[in-house]
Amino acid sequence: MPTDMPNDNPRPDSSPDMDETVSDSAPEPVSANGQADPDDAAAAPPKADPSVRPKIEIQDLNFWYTDTHALKGITMNVKPHQVTALIGPSGCGKSTLLRCLNRMNELIDGTTLEGDIHVDGQDIYAPDTDPVMVRRRIGMVFQKPNPFPKTIYKNVAWGAQINGYTGDMDDLVERSLRQAALWDEVKDQLHSSALNLSGGQQQRLCIARTLAVQPDVVLMDEPASALDPIATSKIEETITELKSDYTIVIVTHNMQQASRISDETAFLYMGRLVEMNPTEKLFTRPEKDRTEAYVTGRFG
Amino acid sequence: MSTESPPTSTAPESAAAEDRAAARPADDLTQQVYDSPKELAIKYALGACALVSVFTTLGIAAVLVIESIPFFQEVALTEFFGSAEWTPQFSEKHFGIWALLSGTILVTVISAVVALPIGLASAIYISEYAADWVRRVLKPGLELLAGVPTVVYGYFALTFVTPLLQTFVPGLGVYNALSAGIVVGIMIVPMVASLSEDALQAVPDSLSGAAYALGATKFETVLRVNVPAAFSGIMASFILAVSRAIGETMIVTLAAGASPKMTLDPTQSIQTMTAFIVQVSKGDTPQGTIVYQSIFAVGLVLFLITLAMNIFATRITQRYQEKY
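Protein sequences, first through last, are from chains A and B. In terms of this note's numbering, the first sequence is residues 1 to 300. In terms of this note's numbering, the second sequence is residues 1 to 324.
Looking at chain A on its own, in the form it has when it is part of the complex (with noise of 0.2 Å):
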């Protein structure tokens, strides 16, 4: 376990050299914009238009497990309608990250957190923020496949159901489905258990409903550790149809799935944000030793 030791980073922050051009120019409150998208440009353009406005910007975040130092002044932003990908070391924070996103982390006890972060300019931990809320808006899929022990009908209308969703719910249960490329192989199973699917096809579920609550953001944990590659592979392309209505983090320890699918990665070491950059630029032409020691396979 990575300890909080003495780095032979002479860094003492991330932020300085993590600098995005977004990062610096952003805060300005330009209205949440929709044409955003730099869209199917797989190698997205490496500055992005400092216009946009980031979907999430996280501010000099630190978060604790009762002693244990996870996360050290994350400072970064997350734009809209792309994937972006945390990697690094296991234990590094990356998940802890993604899961202060949409406040799951405090469903621990003894956790502290410090800093900022803000979703469409809005403080997602300011006092009057009910995290009940925040989750809705930002929706989460897990490691393992964690379908409820009901029917497949019933997991996707779960969340809606309890959001209070009054539009028609056969209709949204398959539109979900549909997004999670789910759709076909299970249209006539719907009132079967969910536990009877495959892995994959229970993650696909998983993600369908995430997605019925309509969020605005979609976390992935690592969605498809626990999966064969040819899920793994069905789970990716779901993920990249994905990117045009959501803006999604996902944590993968897999870095040829971060290059496949994601528009930028960020890559956290023992708590720290090391470096983010564009996927492509961080993987050819890393700015850090670390990363590139990282990305190469010389550690991890």
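Just to be clear, a hint being listed does not mean it is correct.
Unchecked claim - Pulled a few chain A residues facing chain B out of the computed Cβ check, cut under 8 Å: (1) Met104; (2) Val132; (3) Gly139; (4) Asn163; (5) Leu195; (6) Arg209; (7) Val213.
Stated by the list, open to error - Below, a list of computed lysine-lysine pairs in the DSS-like style, where the Cα atoms sit at most 27 Å apart: (8) B:Lys323 - A:Lys150; (9) B:Lys218 - A:Lys154; (10) A:Lys154 - A:Lys187; (11) A:Lys154 - B:Lys323; (12) B:Lys323 - A:Lys144.
No lab work stands behind these hints, which were simulated from the structure alone. Every residue, glycine too, gets a C-beta built ideally from N, C-alpha and C.
Position chain B relative to chain A; hints supplied.
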């Protein structure tokens, strides 16, 4: 294989291999260890222990049936299930089981109304809401309550709960079904709470995590994810507790009275099946009389009720269980 020379002699370069060979007895693969006498003895001894309870149950059932036969030769089934009076000690004897059965049902229903909601609510609180230290205090506390002897509950009902109830239930007698039922309920709360809490704890955290991530509140998560997932365990706790209530003897003997009557009025003095058995067993009823034989018939009914409840519970559990 056993005829070949030990493999170590052909590979002498490895000291580790030599050690391994030394630590291992002869390479006799035909030596019978799996089915050795010792293994078999253990297997049969364990099996015998497991069978004790099965044979005990069968034995009890057999005794009840055999001993009830003389009774049912004297008392017709139409009388037994048709009459509403139970007057074995009177000169004009009536053996209508409903008079005792209604007493049992009354007490059981009252206790269930008290215990199931309170027990489940406690379980949910302890499992999902309570801080760690509260849980550490509450759970042993509850289990302590389960250890109180029922005779203590009995005079608690008679000397504390009944007088308390009398202050706002006018006309409540010293002996009544209400007080006994409430106290039986208090007695079984720990059972419901403790077993339901175990069932709730066993639900994987990943399920509640999923619910929270979908924007569910704590209560929505508990009520619509955790409780359904723990349903079979909760149901089992209900059935066990209600079975305890049906069979509970001391509290109802002390606090519910000894007047069998078919009524659903909880303020009345009643007699349960168990209390009747106590009354006959501890009294001077001569063996061989019809009154003496009647306790086996009552016992048989009691046994059949609990059996039916267990079967019913199994069905319900299988039908509604959410496997995870």
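Verification of the hints:
no.	hint	result
1	Met104	holds, 6 Å
2	Val132	holds, 5 Å
3	Gly139	holds, 6 Å
4	Asn163	holds, 6 Å
5	Leu195	holds, 7 Å
6	Arg209	holds, 7 Å
7	Val213	holds, 5 Å
8	B:Lys323 - A:Lys150	holds, 9 Å
9	B:Lys218 - A:Lys154	holds, 19 Å
10	A:Lys154 - A:Lys187	holds, 13 Å
11	A:Lys154 - B:Lys323	holds, 15 Å
12	B:Lys323 - A:Lys144	holds, 17 Å
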